[in-house]
Structures are given as C-alpha cells and as structure tokens.
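Peer 1: Okay, here's what each chain looks like letter by letter:
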Amino acid sequence: MASTEERIRALVDANLNIEGRSEGQPLTPDLNIIDAGVSSTDVVAFWRLVCEEFGIDISAEEFAELLTPSDLIAYLDAHSG
Amino acid sequence: MAPALATGWWGPFTQLDDVVVTHVDLVPNETNEQEAWTWLDGEERRRACRFQHNGAKRRYVLCRASLRSLLCGALSCRNHQLALGSSEHGKPFAAVDRLQAPIAFNVSHSGQHGLIALAPRGRVGVDVEERAAQRNLDVLIDAVLSPRERADVMAASGRQKLDVFLDLWTLKEALSKAHGLGLSLDVSSFEIPPDIRNGTRSGMFRMPGMPEVAWRLTNIGTDRFAAAVAHDEEGL
Ligand SMILES: CC(C)(COP(=O)(O)OP(=O)(O)OC[C@H]1O[C@@H](n2cnc3c(N)ncnc32)[C@H](O)[C@@H]1OP(=O)(O)O)[C@@H](O)C(=O)NCCC(=O)NCCS
Numbered sequence: 377m378a379s380t381e382e383r384i385r386a387l388v389d390a391n392l393n394i395e396g397r398s399e400g401q402p403l404t405p406d407l408n409i410i411d412a413g414v415s416s417t418d419v420v421a422f423w424r425l426v427c428e429e430f431g432i433d434i435s436a437e438e439f440a441e442l443l444t445p446s447d448l449i450a451y452l453d454a455h456s457g
Numbered sequence: 028m029a030p031a032l033a034t035g036w037w038g039p040f041t042q043l044d045d046v047v048v049t050h051v052d053l054v055p056n057e058t059n060e061q062e063a064w065t066w067l068d069g070e071e072r073r074r075a076c077r078f079q080h081n082g083a084k085r086r087y088v089l090c091r092a093s094l095r096s097l098l099c100g101a102l103s104c105r106n107h108q109l110a111l112g113s114s115e116h117g118k119p120f121a122a123v124d125r126l127q128a129p130i131a132f133n134v135s136h137s138g139q140h141g142l143i144a145l146a147p148r149g150r151v152g153v154d155v156e157e158r159a160a161q162r163n164l165d166v167l168i169d170a171v172l173s174p175r176e177r178a179d180v181m182a183a184s185g186r187q188k189l190d191v192f193l194d195l196w197t198l199k200e201a202l203s204k205a206h207g208l209g210l211s212l213d214v215s216s217f218e219i220p221p222d223i224r225n226g227t228r229s230g231m232f233r234m235p236g237m238p239e240v241a242w243r244l245t246n247i248g249t250d251r252f253a254a255a256v257a258h259d260e261e262g263l
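Chains as they are written, first to last, in the numbering used here: chain Z, 377 to 457; chain H, 28 to 263.
Some hints could be false.
[Unchecked claim] Between beta-carbon pairs, the in silico distance windows are:
1) H:G230 x Z:E441: 27 to 35 angstroms
2) Z:S446 x H:G82: 23 to 31 angstroms
3) H:E70 x Z:D389: 27 to 35 angstroms
4) Z:P405 x H:P147: 39 to 47 angstroms
Simulated from the structure, these hints should not be mistaken for laboratory data. Idealized CB from N, CA, C, for every residue including glycine.
Pulled out of the complex, with its shape left as it was, chain Z reads as follows:
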C-alpha cells in the first residue's frame, strides 16, 4: 500500500499549482503551502480532499497548523487508521 507521503504527493500533484514543482518529485518537508504560493481556495479544497482520502475529519483550526508536508504526514500517521 502507498505510504502517507506518496498519497499526499499524489493529492498535491493533482490539485495544487506549485511553481517549479514537477509531478512525482518528493515533497519539500518544511515548505509551508502558503509560502509555496498556493491560494486560499486551493488550500481549502486540499483540506477537504485530504480528509476524504484518509477518511478522517480534521477541523479548520487543526488544519491551519498542518501546512507543511512533514506536519501533515505526522498528523495523518498518528490519527488515521
């Protein structure tokens, strides 16, 4: 089964525009998606798509603290079954 990083990477590639990023490239662990130039509409859509992909409910307040791949992956590994 795909790792959490691979699943997040696939969601990023399919849904976020990150200048200079090519598909499949490893995610930069500490790059905040706001600093990567992602718009707030794309952040909100990404939040919902992550919840759907991992079958969990993350509140807006929690997600606002999970804006780097490393924080998000650590959270998902700890909270999704």
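Since chain Z is already given, all that's left is putting chain H with the ligand on it; use the hints.
Peer 2: Coordinates of chain H with the ligand only, in the frame set by chain Z:
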C-alpha cells in the same frame, strides 16, 4: 530608504463610509518591484525571500510597499518609524515608534489585483479573488457554503456558478479576515444574509455566537474580480 514612493502602481478604488479601499496593480513590472523592495524592512525582505513562487513574492512585495506608503500618509509618519507586526493568526497591525497605531487596515491579493482597506477605527477585512476557473469548485462549494448558499450556487448555470461562488467566498473571507482568525475559522459555520445573496451590495451581519458585533458587509466586486469588505466600526 527611498525619499518618496512613486504612486505608480496603486490608486483609489472605492470609499464605503469611512473605509477607504485602494487598488494595487500587481502586473509584473521590474521597476515597480525594485522600488517597492527599498520600502521593506529586514523582516519583510526575509519573508519575501521565503516565497518559492515568483508571483506570490511579487504580490507580497508590491502590496506591502503600497500599504506602507498609505499608512505613512494616514499616520503622518516616516517609513522607518513604521513597523508591521501580526497577531496570533497572522492579521497584520501597525506600530509607529513601537506604539500600536490607531488605524484599522487589511490587505488581499489575487492574480493581478491587490486591495487595501483602511479605516480610522474598528476592525476591517478585505478579500479579492480573480474570476479565474477553480479546479475543485464542487469540493469548495461543499466545504465552505451553507445549504442555502449551496442552493443559490447550484441554481446558477455555466460561468455564473463560479461568479456566485466567488462572491460568497470573498464575503466570507472578508468577515474571517476582519475578525482576524484567518485559516482557522470554518467559514461554513455562518451564512451570508439573504438580501446580500440576492444582489444587495451592502448590509449588516451578525455572526452566530457573536451577536453583539454588527459587521457592515459590502460586495465591491467587478467583472474582473470578486471582492468584499467587512467592517465593525465599534471594534477594538
Ligand atoms: C490566510 C487567509 C488570511 C487569506 O488567505 P488568502 O485569501 O490566500 O490571501 P489574501 O490575499 O486574501 O490575504 C493575504 C493577506 O491577509 C493578511 N492576513 C494574514 N492572516 C490574516 C488573518 N488571520 N486575518 C486577517 N488578515 C490576515 C495579510 O496581510 C496577508 O497579506 P500579506 O502576507 O501580503 O501581508 C485566510 O483567510 C484563509 O485562507 N481562510 C480560509 C478559511 C477556511 O475556510 N479555512 C479552512 C481550513 S483550511
């Protein structure tokens, strides 16, 4: 420090009672970007360098320099006296000679457009969104709208569906930014009043759980972009 900032890339957009809204032109322009850079302090330059995306960096630099110029004018201070800090969730505030300044302001940028709202008192929020296609429009409709707002969007067809959505989105974002909670406020938890949803440009709004605060909410969108301002003139 630059002696004076050429007002080449921003200008008056609209005035709503005592809220003055300025439009900032964010089209790539090397001369403007170089001029703007000279107005930023060390921390702002470090922030600008953290952006990986040239567009995001340009929008930040051009908006921040025009914000500095507008604040210097409104507060009768020099650029080197002005510092911009931010609250817990990221809402910026101004200080002159290290004392918090008596002014409310907020900034938004999207694509080639920036908006800056300034008010002498209260709390103000502004949001702008270029009328560009959204890859995940259906996901967004589901994530941020109430059932009645969703029904309004679904009743529209074709291109109008996006326009109705962006109007609601910017109204909600303006409220969330006026409030200062930013990303941590779940904007599906409140609903834009029916008169504004039905096309009235401006009206009063009270958020659930916060009935004591009356926000004036105004749709200031154009054909090119959706935009809104929220202002609570009694606020801190
Ligand atoms: C981050 C947010 C403030 C706006 O993001 P955005 O639409 O991408 O950006 P905008 O261009 O409209 O606004 C950016 C400006 O808002 C200001 N800002 C940042 N945090 C803010 C806050 N908490 N409150 C008010 N203003 C804020 C800053 O001045 C920033 O500009 P700068 O960095 O150039 O100084 C935020 O409102 C948001 O994205 N909310 C989504 C709410 C949501 O549904 N969240 C669910 C969980 S993801």
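Peer 1: Hint by hint, note whether the structure agrees.
Peer 2: So, going through the hints one by one against the coordinates:
no. : hint                                : in the structure
1   : H:G230 x Z:E441: 27 to 35 angstroms : holds (34 angstroms)
2   : Z:S446 x H:G82: 23 to 31 angstroms  : holds (25 angstroms)
3   : H:E70 x Z:D389: 27 to 35 angstroms  : holds (33 angstroms)
4   : Z:P405 x H:P147: 39 to 47 angstroms : holds (44 angstroms)
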